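K.L.:
Protein chains in written order, with the numbering used here: chain H, 1 to 255; chain Y, 1001 to 1264.
Don't take every hint at face value.
Just the calculated beta-carbon pair ranges, DEER-fashion [unchecked claim]:
| id | chain 1 | residue 1 | chain 2 | residue 2 | range |
| --- | --- | --- | --- | --- | --- |
| 1 | H | 108 | Y | 1253 | 38 to 44 Å |
| 2 | Y | 1200 | H | 97 | 26 to 32 Å |
| 3 | H | 50 | Y | 1021 | 51 to 57 Å |
| 4 | H | 50 | Y | 1088 | 34 to 40 Å |
| 5 | Y | 1013 | H | 13 | 45 to 51 Å |
| 6 | Y | 1246 | H | 50 | 48 to 54 Å |
| 7 | Y | 1175 | H | 243 | 43 to 49 Å |
| 8 | H | 63 | Y | 1161 | 42 to 48 Å |
| 9 | Y | 1100 | H | 58 | 28 to 34 Å |
| 10 | H | 108 | Y | 1200 | 31 to 37 Å |
| 11 | Y | 1174 | H | 28 | 42 to 48 Å |
| 12 | Y | 1028 | H | 115 | 43 to 49 Å |
| 13 | H | 2 | Y | 1089 | 48 to 54 Å |
If you're looking for bench data, these hints aren't it; they were derived computationally from the structure. This structure is a prediction, so every number in the text was calculated from the model and none was measured. Where a beta carbon is used, it is the ideal one built from N, C-alpha and C, also for glycine.
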Amino acid sequence: MDLRLQNVSHSYGDTEVLRGIDLEVPSGQIVCIVGPSGCGKSTLLRMLGGLERPASGDILQLGEPPADCLNPLTFIFQDFALLPWRSVRGNVELVLEDHGLPRAKRDAIIDDVLARTKLTEFGAALPKQLSGGMKQRVAIARALAVNPAVMLMDEPLSALDSQTRELLMDDLIALWTRQPFTAVYVTHNLAEAVRLGHKIVVLSRRPGQIREVVELTTPLAERQYGDAGLEAQQQHLWGLMRDEAAAADAELINV
Amino acid sequence: MSDPAQPVSFRGGGFVAQRRRGVGLAVFVVLLLLAEWGTRTGFISQLTLPRPSDVLATFGELYQSGLLFKHLIPSLTRLIVGAAIGASLGIALGVFIGLFSLVRAGLVPLIAAIFPIPKIALLPLFVIWFGIDEASKYALIAFGTFTPTVVATYAAVDNVDRTLIRMGQSFGLSWRSIVGKIVLPGAMPGILSGLRISLTIAIILLVAAEMLGAEYGIGAYILQAGSLYDLERLFAGVVILSVLGVLVSGVIGIIERRVLRWRV
Ligand SMILES: Nc1ncnc2c1ncn2[C@@H]1O[C@H](COP(=O)(O)OP(=O)(O)O)[C@@H](O)[C@H]1O
Ligand SMILES: [Mg+2]
Chain H
1 MDLRLQNVSH
11 SYGDTEVLRG
21 IDLEVPSGQI
31 VCIVGPSGCG
41 KSTLLRMLGG
51 LERPASGDIL
61 QLGEPPADCL
71 NPLTFIFQDF
81 ALLPWRSVRG
91 NVELVLEDHG
101 LPRAKRDAII
111 DDVLARTKLT
121 EFGAALPKQL
131 SGGMKQRVAI
141 ARALAVNPAV
151 MLMDEPLSAL
161 DSQTRELLMD
171 DLIALWTRQP
181 FTAVYVTHNL
191 AEAVRLGHKI
201 VVLSRRPGQI
211 REVVELTTPL
221 AERQYGDAGL
231 EAQQQHLWGL
241 MRDEAAAADA
251 ELINV
Chain Y
1001 MSDPAQPVSF
1011 RGGGFVAQRR
1021 RGVGLAVFVV
1031 LLLLAEWGTR
1041 TGFISQLTLP
1051 RPSDVLATFG
1061 ELYQSGLLFK
1071 HLIPSLTRLI
1081 VGAAIGASLG
1091 IALGVFIGLF
1101 SLVRAGLVPL
1111 IAAIFPIPKI
1121 ALLPLFVIWF
1131 GIDEASKYAL
1141 IAFGTFTPTV
1151 VATYAAVDNV
1161 DRTLIRMGQS
1171 FGLSWRSIVG
1181 KIVLPGAMPG
1191 ILSGLRISLT
1201 IAIILLVAAE
1211 MLGAEYGIGA
1221 YILQAGSLYD
1231 LERLFAGVVI
1241 LSVLGVLVSG
1251 VIGIIERRVL
1261 RWRV
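Could you put the whole structure together from the sequences, leaning on the hints where they help?
P.N.:
In structure tokens:
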């Protein structure tokens, strides 16, 4: 299943947030969206996931999601959004409970996703007992449990320290290599974008417009930390973003 | 440098709620011993304050004559029935106010208008509506418990983390699941601390209702004692009320520790 945005614009009251966005999210690829803060990345993602309606333009779903997909468009949030009163297992189970699956099937799914995110031993733990990185892995397990057609990730690593971020990035790459998934990955961290993205969309400052789309052809598994080619791409992206970011920053001060 | 070494002075203490067992009990005991000592030595006159040991003796008589339970059981029944009705209606309405802006717009001013009414003033009205018997007492206690519960509940629902609700919606959870599995558990801390207050109000109203018209009940017992200036019996009644208050607060504390174990 692909996603397509056609001429999407949006405003909150008098504030124009997005202008004329055309974008294609092809199946099996990770599309990274980068841009200065406040340029409408989260808004764009919420629209893709049906949590918000654009003021104009269309958001289209091309093709049917796979038959065993329980929630085609699935979010992973920056602040994890785990229920603090449920255990790790309970948090994953939450999203399966409304689907009338037989008990055994449900347990099998939970066991599988906890194993894939290396959380098997922590099934009974409460979120308050987990580190930030583990919390985000629970959120990833929960997203995998519904077998999404597209994962929508809003700065999933931004709340974590840089070592944990590296580890989780490796986990995401391993997950994708074993079983490619489709994802839209919002970040303001260019290093993450060049590690994970097949396509990197650079947005301008508010109102967010597409400045450039960079396609990276190096397979994810071969992108090493400190790779020269990736460094060059990152420099190029930074060149695009720097002025926007500076201008956006000055704008926020003037408000 | 040859400056003398000094330990860095500690200044990070305090401002943390810690559980300290037995201190509350110790305060009670000290106050009682003071009263006992004062009344025995004549430092406090018998007319001002009854001697704690006399109150205890009165309490023993009350127990042995079987009158204790004759007063206590109707009171507890009124309290439990009235508070249960009031609290459950209050939680239900509070959740509706928290969830639907139309209900909120319509009812919050109404709640604000009835909140400050001293409910006991409405007892005659309840007697006309529900009769002189138990029903009017249930209604009074229920009504008194209801308003603070509503206010606490909708404030608690307002405070539920919106990102969790967003999360529920983004996974396509049904409305019932979102309310039952996200909103209600998230509002539970606020609802329970609201219940602490509303149940105390329920005890106050219980006594008030019983003073205005009941043959048996702690309120009636205190009223009889008071009109005879029988301070020992009056205090025996008051002690029962205090114990009831401590029990209610203890039960809610236990529920909080069990239900809210997830809190940091
Ligand atoms: N619900 C909302 N109501 C009003 N303004 C909003 C709302 N959500 C976001 N905005 C504004 O829209 C702009 C873009 O927000 P957002 O999409 O969160 O940016 P980003 O994720 O790129 O930092 C910001 O200026 C923000 O203040
Ligand atoms: Mg954002």
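K.L.:
Now tell me, hint by hint, if it's right for this structure.
P.N.:
The hints, checked one at a time:
1. 108/H to 1253/Y: 38 to 44 Å: holds (41 Å)
2. 1200/Y to 97/H: 26 to 32 Å: Hint violated: Cβ distance 37 Å, outside 26 to 32 Å.
3. 50/H to 1021/Y: 51 to 57 Å: holds (53 Å)
4. 50/H to 1088/Y: 34 to 40 Å: holds (36 Å)
5. 1013/Y to 13/H: 45 to 51 Å: holds (49 Å)
6. 1246/Y to 50/H: 48 to 54 Å: Given range 48 to 54 Å: holds, Cβ gap about 52 Å.
7. 1175/Y to 243/H: 43 to 49 Å: holds (46 Å)
8. 63/H to 1161/Y: 42 to 48 Å: violated (35 Å)
9. 1100/Y to 58/H: 28 to 34 Å: Since residue 1100/Y and residue 58/H have Cβ atoms about 31 Å apart, the given range 28 to 34 Å holds.
10. 108/H to 1200/Y: 31 to 37 Å: Once the Cβ atoms are compared, 50 Å apart, the range 31 to 37 Å for residue 1200/Y and residue 108/H is violated.
11. 1174/Y to 28/H: 42 to 48 Å: With Cβ atoms ~31 Å apart, the hint is violated.
12. 1028/Y to 115/H: 43 to 49 Å: violated (56 Å)
13. 2/H to 1089/Y: 48 to 54 Å: Holds: the Cβ-Cβ distance is about 51 Å, inside 48 to 54 Å.
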